[in-house]
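Chains C and G, in that order, give the protein sequences. All the letters of the first sequence, read from the start, carry residue numbers 1 to 804 under the numbering used here. All the letters of the second sequence, read from the start, carry residue numbers 1 to 164 under the numbering used here.
Hint data in this document are derived by calculation from the structure and do not stem from the laboratory. Using N, Cα and C, we set each Cβ at its ideal position, and we do this for glycine too. One should not assume that every hint holds.
[Unchecked claim] Calculated pairs, DSS-like style, for lysine-lysine (alpha carbon to alpha carbon, straight line, at most 27 Å):
hint	chain 1	residue 1	chain 2	residue 2
1	G	Lys119	C	Lys610
2	C	Lys668	G	Lys77
3	C	Lys712	G	Lys119
4	C	Lys660	G	Lys66
[To be verified] Example chain G residues on the side facing chain C (calculated, C-beta under 8 Å, incomplete):
hint	residue
5	Lys61
6	Ile151
7	Gln154
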Amino acid sequence: MSRRRHSDGDDGGQAHKRRRTSEPIEIEDRLESLICRVGEKSTSSLESNLEGLAGVLEADLPNYKNKILRILCAVARLLPEKLSVYTTLVGLLNARNYNFGGEFVEAMIRQLKETLKNNFYNEAVYLVRFLSDLVNCHVIAAPSMVAMFENFISVTQEEDVPQVRSDWFVYVVLSSLPWVGKELYEKKDVEMDRLLSQIEGYLKRRAKTHVSMLQVWTAEKPHPQEEYLDCLWAQIQKLKKDRWQERHILRPYIAFDSVLCEALQHNLPPFTPPGHMPDAQYPMPSVVFRMFDYTDAPEGPVMPGSHSVERFVIEENLHCIIKSHWKERKTCAAQLLSYPGKNKIPLNYHIVEVIFGQLFQLPVPPHIDVMYTTLLIELCKLQPGSLPQVLAQATEMLYMRLDTMNTACIDRLLNWFAHHLSNFQFRWSWEDWADCLTVDLDRPKPKFVKEVLEKCMRLSYHQRIVDIVPASFSVLIPAEPLFYYKYLEESNPSAAALPGYQMANTISNAIKNRASNEEIMTILKDVPNPNQEDDDDEGESFNPLKIEVFLQTLLHLAAKSFSHSFSALAKFHDVLKALTECDEGKLHILRVIYEVWRNHPEMTSVLVDKMVRTQIVDCAAVANWLFSPDMAHEFTRFYVWEILHSTIRKMNKHVQKIQKELEEAKDKLEKQQHKRRDSTHSTHSGDDEDMEKNSEDEEGQLEEQIDKLQEKVESAQSEQKNLFLVIFQRFIMMLTEHLVRCETASVDINTPWYKNCIERLEQIFLMHHVTIQQYMGTLENLLFTAELDPHILAVYQQFCALQL
Amino acid sequence: MSAKLNALYSDSYVDISQYRDQHFKGNRYDQEKLLKGSNTLYVGNLSFYTTEEQVYELFSKAGDVKRIVIGLDKVKKTACGFCFVEYYSRGDSEHAMRFVNGTRLDDRIIRTDWDAGFKEGRQYGRGKSGGQVRDEYRQDYDPARGGYGKIASQQRVPDVRSSF
């Protein structure tokens, strides 16, 4: 068989760079390339390509067996969307070379053990699925596969293990059945029936506390948001009822049946699932995202039902394609659109549903949000006649269901929508959404439109937004992002009467004349303190007027751009530090920023960010400010939560950074100690004595450094814990107040504010679950105790259920 | 156990381009080393009217932005259609190369490329007239970038009133 020439026609229209060499490439690279590329668009049929490739590999086995084994193991793990292409290839190789087949199976088992040991559970699923498809290719004997499944299901009998552990083993078995159910049932129906009934029993008794926290919508209509194992079980039951007839999966091995059934099969070695380790990180449970059904695709092929196994397989494959190619959007879009079997399904609808499913996934999307925006744009480019319409239909549907959508998902939706629009000249039929003007402005629909317009404005400018919406929408248009300076008579007629008015002018002139930090401090000494009754000479105690006069004036002078404001903060860092030594000072500085920039949330965010990074305010101050009564009216604004989560992230990164420094110092010390130990074995001489003393000194210094870093880490962790305590305490206070008030007035607690607040609390848990898990003990003892209102406690309990 | 397959780990949007800064102080190797580890991106094809705020908003989608330096016309000291975006982490800047490069800002497709690092003086256009070199030679009319290219606009016949 001749070497396949890869021409542009094979690329599926990909324009991005590809290594193109005309000089001979190494044989190993060539093998890699041949194996990875098989199954892609080609002028020859898949069967003939597989046949050819099997011949090539068989010939190379004597010299390159290990390399071929490693490549095949890797594609099994990393290209699950091409599962049956590779199992067929292995089947053909096994038919030609029984020993190779056996070695491959052994290598796969070793790889499976490795991946489980390293907590790569998602990849382990693909490996098990690959092994099960090898039964179809006559490489593995069905009874031994059933035995492996039986061992997996026996995990459900274990006691005192997290539910997510047994969940995973059940999932692995169920998710392999679409591929191999038929074959296993034909050979071992009694055992399979027993297996399925054990699974059924387990599913009936497992707890589902976690489900509501992970649902994108709280409503069951039009599509129930099912727990992932429940949905998969329903799909497998239906498959069984259909006598395991599955017609969607591509099965190239069928064409080779005559060759493959002559092959000798191998038995899987008995596989004991590794025991539960305390540091194991099993995958979190999930909820299946559904937004379309067969009524939504008007013409063309019908969408498989929600409990059909086809739906499962299609979604799995699309998820796998995104996982493989998310970094390269053109490739990813092309691969999605060339899904095999696409003519029998409404592919665009499946793609849009899977992408939104990932974007809205709770706790967090698998990939960075902006990837999905760019991927959808790429898909629109490749299918300009059909995909934009599906996307518009999807957007419309999502808008219609905003009332029951999880707040964190609404955030992601509006971010996506505004960014998407900015790539298409903000063209949208806003009048279709005129219904949002007929309800209270704090309801989800008008709120959504308002926040979208604000985000659109950030990506353009105010007048643009005025131009793109109909006049009736003017109430939703964001304010012009202008600075409000209270000491300026044009904006504030009573400016001259304000206590700091004269001083503001003095400061303004001083700054314009390039006064130093010390000079400014001297001028500010004359500012009276409205808080102090007696003239105690405590120096720089909290003086709100000083802060207002200085900061308002400074920011006013620097209002032109972000850079100007940053320079101003940097130049007068010393003054600002001095004015905010105490907590009240820190809180007040944040109040002043809000007062002057309340119409420019973006500027507020970046200034708060700078202040935290330059340590003028600390993270806890930001949290206290956002939860303060002053900010209550802004509490449901999107930007408030952007600021809070950004602050938490900064805190987390700070802790991680110091921890890393500590680890590096410890490593350095260890290396140093090894070096010294090694050198003491050499012969004694004058030089050696000096060297030994030097390295002892170095070690002493390192040990001192490590002690200091250890202290730093502990202090940072303490600050981090305190931040979360502050945030949770504030939530509990606000929510309790609301619940009590409603109870006394006999009013329904479920106001839009309440929904927003409780979901924001959930969001804190979900977005920062890794960090919060360290502090569970404290949280449970101090805050989330049994005395707490059950509505609030439920959030905590659901969170705990995510890893139990 | 299994191979790290080069074919599967393609991340071409993050590769360095062919462009090398001719004013870079150092040899090609040094420049390439810096580019491969840089957290700073050059952003081109901006409208002259695109603001720092807009750039911040867009590029923040890839991660926390450390600083933005808007490119200026050397003579007029006004924005001349490019900027530098620096991230705190390399990972975030890679996301920008993958997902912001080639999308629109202010209705224009912008282009990002790795930069060896901002140094004072690099915020100025290097064209003879003060703006970017590309605007010296541009033949088309682009209202967001000062209209015609500098040379092209000088060659255009000025609007002379016909005299009878």
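Here is how each hint holds up against the structure:
1. Lys119/G to Lys610/C: 21 Å, holds
2. Lys668/C to Lys77/G: Given that 27 Å is the threshold and the Cα spacing comes to 49 Å, the pair is violated.
3. Lys712/C to Lys119/G: 33 Å, violated
4. Lys660/C to Lys66/G: 21 Å, holds
5. Lys61: 4 Å, holds
6. Ile151: 31 Å, violated
7. Gln154: At about 31 Å, which exceeds the 8 Å cut-off, the nearest Cβ of chain C leaves the hint on Gln154/G violated.
In terms of the numbered hints stated before, the structure departs from hints 2, 3, 6 and 7, listed from lowest to highest.
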